[in-house]
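2 protein chains.
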Amino acid sequence: MLAQTPEPPYYAVIFTSIRTDVTEGYGDTADRMVELAHGQPGFLGVESARQAVGITVSYWASLEAIRHWKQDAEHRLAQQTGREKWYESYKVRICKVERDYGFNHL
Amino acid sequence: MLAQTPEPPYYAVIFTSIRTDVTEGYGDTADRMVELAHGQPGFLGVESARQAVGITVSYWASLEAIRHWKQDAEHRLAQQTGREKWYESYKVRICKVERDYGFNHL
Numbered sequence: 001m002l003a004q005t006p007e008p009p010y011y012a013v014i015f016t017s018i019r020t021d022v023t024e025g026y027g028d029t030a031d032r033m034v035e036l037a038h039g040q041p042g043f044l045g046v047e048s049a050r051q052a053v054g055i056t057v058s059y060w061a062s063l064e065a066i067r068h069w070k071q072d073a074e075h076r077l078a079q080q081t082g083r084e085k086w087y088e089s090y091k092v093r094i095c096k097v098e099r100d101y102g103f104n105h106l
Numbered sequence: 001m002l003a004q005t006p007e008p009p010y011y012a013v014i015f016t017s018i019r020t021d022v023t024e025g026y027g028d029t030a031d032r033m034v035e036l037a038h039g040q041p042g043f044l045g046v047e048s049a050r051q052a053v054g055i056t057v058s059y060w061a062s063l064e065a066i067r068h069w070k071q072d073a074e075h076r077l078a079q080q081t082g083r084e085k086w087y088e089s090y091k092v093r094i095c096k097v098e099r100d101y102g103f104n105h106l
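Residue numbers (UniProt numbering), protein chains in the order written: chain F, 1 to 106; chain S, 1 to 106.
Here chain F stands alone, though its shape is the one from the complex:
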């Protein structure tokens, strides 16, 4: 299911990553972070897929909402564990969505 977002402008966080081979705890924590994000102020939606590279794009109403989510205590612990165990490398890109359009097959 594609994320249903409002009219731009809004914000996107593009999180791309390469995993290590450590699987312990990863799936549960990833699921929990998605669940937790849904309850954050200003959360608009999320899309995620992983093959050689993992890509998670989350959508937010404001930069303040993104800052608030980054500083969430449980999220910070997950970020730290991610650097220690689960990720070989990652990149976070904070973006302003200026325009969007779509297609739906009838």
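Don't read these hints as lab results, they were simulated from the structure.
Be careful, since some hints might not be right.
To be verified - From the structure, some residues in chain F lie toward chain S, with a derived Cβ separation under 8 Å:
1) ILE14
2) VAL53
3) HIS68
4) LYS70
Unchecked claim - With beta-carbon atoms standing in for the labels, derived distance ranges:
5) S/ALA52 - F/LEU36: 18 to 24 Å
6) F/GLY39 - S/ASP21: 31 to 37 Å
7) F/GLY39 - S/GLU74: 43 to 49 Å
8) S/GLU88 - F/ALA61: 24 to 30 Å
9) F/GLU24 - S/GLU98: 18 to 24 Å
10) S/ASP21 - F/GLN40: 33 to 39 Å
Quantities reported herein were computed from a predicted structural model and do not represent experimental measurements.
Heads up, the beta-carbon is just placed ideally off N, CA and C, and yes, glycines get one too.
Given the structure of chain F, go ahead and fit chain S onto it with the hints provided.
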């Protein structure tokens, strides 16, 4: 491999999609579009993964570079065939990358 992009600001196109079950021609065209994008003016990189949802993020030096790529003749034909055969739905989001940071395990 994560895309190696310059210091912000630069631009990102987030293309998210749900596929139909039509596979004919899809893989070859997808590969060709990535190849073709690499030769476009202002192209900076691309990351892609597909599970339930497909996510392709391409990075560009300017909005003009994005417009130019959207209008490429071979790309336009692929877009049209995509709507007719390969995609149930898709969304394109044009974004300005304002900030980025990363992590690399040593």
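Against the structure, the hints:
1. This hint holds: F/ILE14 has a C-beta 6 Å from the nearest C-beta of chain S, less than the 8 Å allowed.
2. A hinted interface residue such as F/VAL53 counts as satisfied when its beta carbon comes closer than 8 Å to some beta carbon of chain S; here the least separation is about 5 Å, so the hint holds.
3. Using the Cβ-Cβ criterion of 8 Å, the hint placing F/HIS68 at the interface with chain S is not satisfied: the shortest such distance is roughly 16 Å.
4. Given hint, F/LYS70 at the interface with chain S, is violated; its Cβ is 11 Å from that chain's nearest Cβ, farther than 8 Å.
5. S/ALA52 and F/LEU36 have their C-beta atoms about 20 Å apart, which keeps the hinted 18 to 24 Å range intact.
6. For F/GLY39 and S/ASP21, the Cβ-Cβ distance of about 35 Å falls inside the hinted range of 31 to 37 Å, so the restraint holds.
7. Checking the proposed 43 to 49 Å range against F/GLY39 and S/GLU74 shows it holds: the Cβ atoms sit about 44 Å from each other.
8. For the pair S/GLU88 and F/ALA61, the beta carbons lie near 28 Å from each other, so the given range of 24 to 30 Å is met.
9. Checked against the hint of 18 to 24 Å, the C-beta distance between F/GLU24 and S/GLU98 comes to roughly 35 Å, which is inconsistent with it.
10. Checking the proposed 33 to 39 Å range against S/ASP21 and F/GLN40 shows it holds: the Cβ atoms sit about 35 Å from each other.
In summary, the structure is inconsistent with hints 3, 4, 9 from the numbered list given earlier, while agreeing with the others.
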